[in-house]
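J.: Now for the letters of each chain:
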Amino acid sequence: MITSDPLTFITISPIALGLALLIIPNIAPPSMADYIRKISRSLSMSLALAIFAITTMLFLGQIGNTDWLNITQGTYVFENEPVILLESIGVRWTVGADALSFPMIWLTAMLIPISMLVEWDAKKGHIFHPLILIMEGALLGVFVVLDLFVFYVFWELTLIPMFFLILIWGGNDRRYASMKFFIYTFTASVLMLIGILVMYFNTNDPNLAGTLTGHHFDLVSMTMQSSGDGLIASNGLRHFVWILLLVGFATKMPSVPVHTWLPDAHVQAPTAGSMLLAGVMLKMGAYGFIRIAVTIFPESTIIFSSLLIILGMASLVYGAIVCMGQTNLKRMVAYSSVSHMGLIFLGIATMQPLGIAGALFMMFAHGIISPLLFAVAGAFKHHYHTLEIGSMRGIAHHSPWLAGHMMLGWMASLGLPLLAGFVAEVAVMIAFWMTFGWLVLLPALTLIITAVYYLTSMQRTIFEGGDPHVGILPESLHGEEPRDITWHENTGMLILGALTIIFGIMPFIFWDMMSEWSTDFMIETLISAMNSQGVKP
Amino acid sequence: MILSYEEMELILPELILVLGIILSILLPNVGDAKMRLPLTRMRIPIFIGGTRFKLTADPRLPGRMTVAIFSLAFLFSFLEIKSASGTIGDVIEVTQFTRLMSFIFYGALLLACIATTYRMPAKVTARAPKDSDSEARSNALISALMDNRRQVDFYILMMMVGLGMSLMAMSTNLFFMFVSIELASLAAYILVAFHKEEATGGEAGAKYFIVGSVASATGIYGMSLVYLWAGDLDFDTLSNSWSSMDSLDPLAVIGVGLMLVAFGFKVSAAPFHLAAPDAYAGSSSPVAGVLATASKAMGFVALFRVLIQITMPEEGDAFWYVLLAIIAIITMTWGNLAALTSRNPKRMLAYSSVAHAGYMLAAIAAVGSGLGSSEANEMVLIAIVFHLTILVLFKLGAFLVLSMLEIEGRSHQLKDLHGLASRDPMMAGSMFIFMLALAGVPPLSGFLSKLLMINGIVNISAGTGSSSADAILPWAESVDPVFWLAIAIVINSALSLFYYLRICLVMFFEEPESSKPLRSAYFLRNSIIVLTFLTVFFGIGSGAEYLLGLVTDAVSTM
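Residue numbers (the numbering used here), protein chains in the order written: chain A, 1 to 537; chain B, 1 to 558.
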C-alpha cells in the first residue's frame with residue numbers, strides 16, 4: 001500500500017489512527033484505556049513522522065522514482081487505481097500529486113510533527129494529538145484528491161478538528177472565535193459547493209458518469225473538458241461559477257474583505273492550531289483557487305484579473321497598515337498573513353509564469369515562516385503570560401533563544417534576502433513589473449510598511465529596556481523571572497528556522513518544479529485563453 | 001379461508017399488525033376468571049376477567065409487545081421488498097414499491113415506539129405513601145393505574161397508524177385509499193393530543209383534528225366529483241378515462257384539485273401547513289417524528305397515485321404543474337423563513353419538514369412539466385422516494401434526540417438544547433450529524449437525495465437553455481422556467497443552513513442550565529447511534545449504492 005498507493009496511505013492512515021485513538025479509550029476497559037491514553041501522543045507523533053518520511057522519500061525518488069521537473073500540467077504522479085465510491089452519481093476515490101500540490105503535501109507532512117512537538121505537553125494530550133492527526137489527514141486529503149466531491153468533503157472535514165482545537169484549548173474568547181471561524185468558512189464553502197454543483201451538471205464524460213445522473217465529479221476530466229470548448233458553454237454562467245469559487249477560496253485564504261475571522265481565530269487558537277491554520281489551512285484557499293478556478297476557467301481569470309489585483313492590493317496594503325497599529329503579537333502576525341496572502345492574488349493576476357511560480361513559492365515560504373512566528377508567539381504567551389508587545393522590554397536578556405527565533409522569523413517575514421520569503425516576494429514583484437509597469441511601486445512600498453512594523457516591534461520587545469541587564473517585565477508575570485523556552489519548543493523552532501534559511505539560500509529545491517508547472521500552465525492553458533479573450537500574452 | 005396461503009404471505013406484515021392489535025386488547029385483561037357451568041358445580045376457566053395474572057397485567061407489556069410486533073412487521077417487509085408482487089381482491093396490490101413504503105412506515109413507527117417506552121414510561125410500582133389506608137395512598141395508586149391503562153391505548157393507536165399507512169400504499173382504489181388514510185389519520189389525531197395533562201397537547205390535537213377533517217372532507221368531496229365523472233374509482237380505470245379525455249373535463253379537474261387539498265394537508269404543503277407546526281410542537285417528540293416522516297411519506301404516495309399515475313398524460317404537460325410549482329416554491333420558502341425565526345426546536349423541525357415537502361413538490365412539478373424523457377422523470381421519482389426513505393434516518397433521528405431530552409425535561413425551547421455537547425457528547429454529536437444531513441452537507445445521505453433531485457430538475461429543464469448565450473441573463477431568459485425550481489431548492493437549502501447550524505452552535509457554545517447528564521435509556525440511545533451511523537452509511541459508498549438500487553427497483557414497479 002505504501003509503495004503502490006502512497007497518497008491514499010498518507011491520507012487515510014492519520015484519520016484512521018486519530019479516530020481510533022479518540023474512540024477506543026471510551027469503550028475499552030479502564031486499564032487498557034489508560035494505557036492507550038498514555039501512548040496516544042507518542043503514537044500520533046510516530047505516524048506523523050512516518051508520513052513525513054514517506055513524503056520526503058516521494059520527493060527524493062526512493063518511492064516511485066519521479067522526475068519532478070517533467071510533470072506537465074494536467075498529468076499527475078502516484079495516481080491510484082480509482083475506487084468507485086458512489087456509482088450512481090459518479091464519485092470516485094482518485095488521488096494524484098503534481099508540482100502544484102506536492103510542495104503543499106510536503107509542507108503539511110513537515111508541519112504536523114513540528115506543531116505536535118511544540119505543544120508536546122498540551123493539556124488533555126490524549127485528545128489533542130489525535131485531533132492534530134485527523135487534521136493532517138483532512139489537509140492532505142484536500143491536496144491529493146482529484147475528485148471534487150471528495151475534495152469538498154475533506155475541505156469541510158478540516159473545519160471540525162480546527163473547530164475543536166480552538167474551542168477546547170483556546171484562549172478566553174474561544175467560543176466567539178470558533179463560532180466566527182466556523183460560520184465564515186462554512187458559509188463560504190457552501191457558495192463554493194454551489195459552484196462545484198454547476199460544474200458537475202455540465203460534465204459529460206460517458207466513461208466516468210454516474211449511472212443515475214449522467215455526470216461526474218472527476219477533476220482531471222473537468223480540466224480536460226475545459227481546455228476544449230470550455231466546461232460550461234455559456235460564458236455568463238462560467239463567470240458566475242468563477243465568482244462563487246472565488247468567494248469560497250478567498251474566504252479561506254483570507255482576502256480583504258472576508259478576512260475578519262482570521263485574527264480572532266488566531267488569537268484564540270492554541271499554538272499548534274495557529275501554526276496549522278496559518279501554515280496550511282490558508283494555503284488550501286490559494287491551492288483550490290489555482291487548481292479549480294484558475295485552471296478550469298482561465299478566461300474568467302483573465303477577465304477578472306483586475307478584480308484579483310484590487311483584492312490582492314487591498315489585502316496587502318490594508319493588512320500591513322493594520323499591523324502597524326497592533327499591540328497584540330498574534331494579531332499582528334495574523335494581519336501580516338492577510339497581507340502576504342494578498343501577494344498570491346497579485347502573482348496570479350500577472351499572468352506570467354514567473355508571477356504564478358512566485359505565488360506558489362509564496363504559499364510555500366509563508367507556510368514555513370508563519371508557523372515559526374506563531375510558535376514564537378505561543379511560546380511568548382506560555383512563558384510571559386501576555387501577548388502585549390508594549391508590556392515588556394528586552395526579552396533578549398531573559399530568553400535568548402526565544403528572542404533569536406523571533407528575530408529570524410520577523411526578518412524572514414519582512415523579506416530579508418537569503419531567507420525564504422524574499423524569493424517569493426521578488427519573483428512576484430518582477431512579474432508584476434513586467435505586466436503592469438510602475439504600478440509595482442504600490443506593493444513594493446507596502447513592503448516598507450512591513451519592515452516598519454516588524455522593526456519597531458522588534459526594537460520594543462527584544463532590545464530596548466530601561467536597565468540593559470534587566471529590561472522591563474510584564475505585570476502578568478507578577479515579578480517572577482521568566483524562563484527560556486523548553487527543549488521541545490526550541491527544537492521545533494530550530495527546524496523551522498533552519499528551513500527558512502535553507503529555502504532562502506536554495507529555493508530551487510521546490511522553485512524549479514513550481515516554475516516548470518507555471519510555464520506549462522502558461523503554454524497549455526493561459527495562452528489559448530488569452531488569445532480567445534483578445535489579451536496579449 | 002378468506003385468504004389463500006399465498007395471499008396471507010403477501011400481506012404478512014399487515015396480518016401481524018392486526019394480530020398485534022387484537023392481542024393488545026386481550027392480553028392485559030387475561031385473568032383467572034371462572035364460570036360455573038349452570039346446574040353443576042363445575043367451574044371452568046374463561047380467562048377474561050377476574051384477578052389479572054402478574055405477567056400479562058404488567059403495564060410495560062403493551063410497549064414491549066408493540067415493539068416486537070413492529071420489529072416483526074419491519075423485518076418481513078424488508079424480506080419481501082425484493083420479491084413482493086401480487087394482488088388481493090380488486091383493491092390491494094402488493095409491489096416492491098408498496099413494500100418499500102411499508103418498510104419506511106414500520107421503521108419510523110418502530111423507532112417511535114422504542115422512544116415512547118422511555119418518553120412515557122409505565123409505572124410498575126406506584127410511589128405511594130407507606131401508611132395503609134390514607135386517601136393520598138389510594139389516589140397515588142389510582143393515578144398509577146390510570147397512567148398504566150393509557151399505555152395500551154397509545155400502542156394500539158400506533159399500530160393502527162401503521163396498518164392504515166401500509167394499506168394506503170397498497171390500495172389500487174381511490175375509495176379504499178381514502179379509508180386507509182383516515183384510519184391512519186384519526187389514530188394520529190389522538191396520538192397528537194395524547195398528552196392531555198400538558199396544556200399544549202389538547203390544543204394541538206384539536207387544531208390538527210379540525211383542520212385535518214376539513215381537508216379530508218374536501219378531499220372526499222373531490223373524490224365524489226371524480227366518481228361522478230368516471231363512474232369508477234379504480235386507479236387503472238381512472239387513468240384510462242383520463243387519457244381518453246379529449247379536452248379537460250371541469251368535473252374531473254375540480255375533483256382532482258379538491259383531492260390535492262387533502263393530500264396537501266398530509267404533506268404539509270403551503271397553505272395547508274399551518275396546523276402542522278402546532279401539532280408537532282404540542283405532541284410528544286416520537287409522535288412528531290412519525291408525523292414528519294411516515295405521515296409525510298403517506299401523503300406523497302397519495303400524490304404519486306393521483307398526480308403521476310392518474311392525471312399524467314403520455315406527452316406534454318399535466319394541468320397541475322404550474323400550480324404545483326408555485327405551491328412548491330411558496331412552501332419551501334415559507335417553511336425556511338418560518339424556521340429561521342422559530343425558537344422552539346420542535347417547531348423549527350416542523351417548518352424544516354414543510355420546507356422539505358416543498359423540495360419534493362418541486363421535483364414532482366418538474367415531472368409534471370412533461371419536458372423530460374421518461375428516464376429523467378423516473379430519476380426524479382427515485383430521488384423523491386430515496387429522500388422519503390432516508391428522511392426516517394435523520395429527521396426522525398433529530399426528534400428522537402429531542403425525546404431523550406424530554407424524558408426528564410423539556411425540549412420546546414432552544415434553551416433546552418444549550419450545552420448538550422458537555423452534558424452528553426454522544427447525543428450532541430448525533431444531533432450535529434442529523435442537522436448537517438437535513439441541511440444537505442456532503443457526504444451525508446441528505447446531500448445525495450438533494451443532489452439527485454436537483455440533478456433531475458436540471459436534466460429535465462436545462463436542455464431548453466440556449467447554449468450560445470454568452471452572458472448569464474440571456475441564458476436565464478432562454479431556459480424553461482422549470483429550471484428555476486432547481487435554483488429555488490439551492491437557495492432555500494443555503495438559507496436552511498442557518499437554522500440547522502444554530503441548533504449545532506447552541507449545543508456546543510452555550511452553557512447548559514443543568515449539567516446533569518441525560519438518562520441512559522439504553523435502547524433509545526443505541527437506536528439514535530445506529531441512525532447516525534446509517535445517515536453516513538447511506539450517504540456514500542456501497543450502502544448508498546444498495547439503498548439506491550432498492551429504491552430504483554421499487555420505483556420501477558410503481
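Watch out, some of these pointers could steer you wrong.
Derived list of chain A stretches under chain B, where covered just means 3 residues or more per stretch with a C-beta under 8 Å from a C-beta of chain B [claimed, not checked]:
| no. | segment |
| --- | --- |
| 1 | 104-116 |
| 2 | 183-192 |
| 3 | 311-323 |
Far from chain A, some chain B residues (derived; all Cβ distances over 10 Å) [what the hints assert, rightly or not]:
| no. | residue |
| --- | --- |
| 4 | E7 |
| 5 | L19 |
| 6 | L37 |
| 7 | E182 |
| 8 | V253 |
| 9 | P271 |
| 10 | D278 |
| 11 | N344 |
| 12 | L497 |
| 13 | A544 |
| 14 | E545 |
| 15 | S556 |
Derived by calculation from the structure, the hints in this document are not laboratory data. None of the values given here were measured: they were computed from a predicted structure. Glycine included, C-beta positions come from ideal geometry on N, C-alpha and C.
J.: Could you run down the list of hints and mark each one as holding or not?
T.: Status of each hint after checking the structure:
no., hint, result
1, 104-116, "violated (count 0)"
2, 183-192, "holds (count 5)"
3, 311-323, "violated (count 0)"
4, E7, "holds, 35 Å"
5, L19, "holds, 39 Å"
6, L37, "holds, 63 Å"
7, E182, "holds, 36 Å"
8, V253, "holds, 34 Å"
9, P271, "holds, 29 Å"
10, D278, "holds, 31 Å"
11, N344, "holds, 22 Å"
12, L497, "violated, 6 Å"
13, A544, "violated, 6 Å"
14, E545, "violated, 6 Å"
15, S556, "holds, 13 Å"
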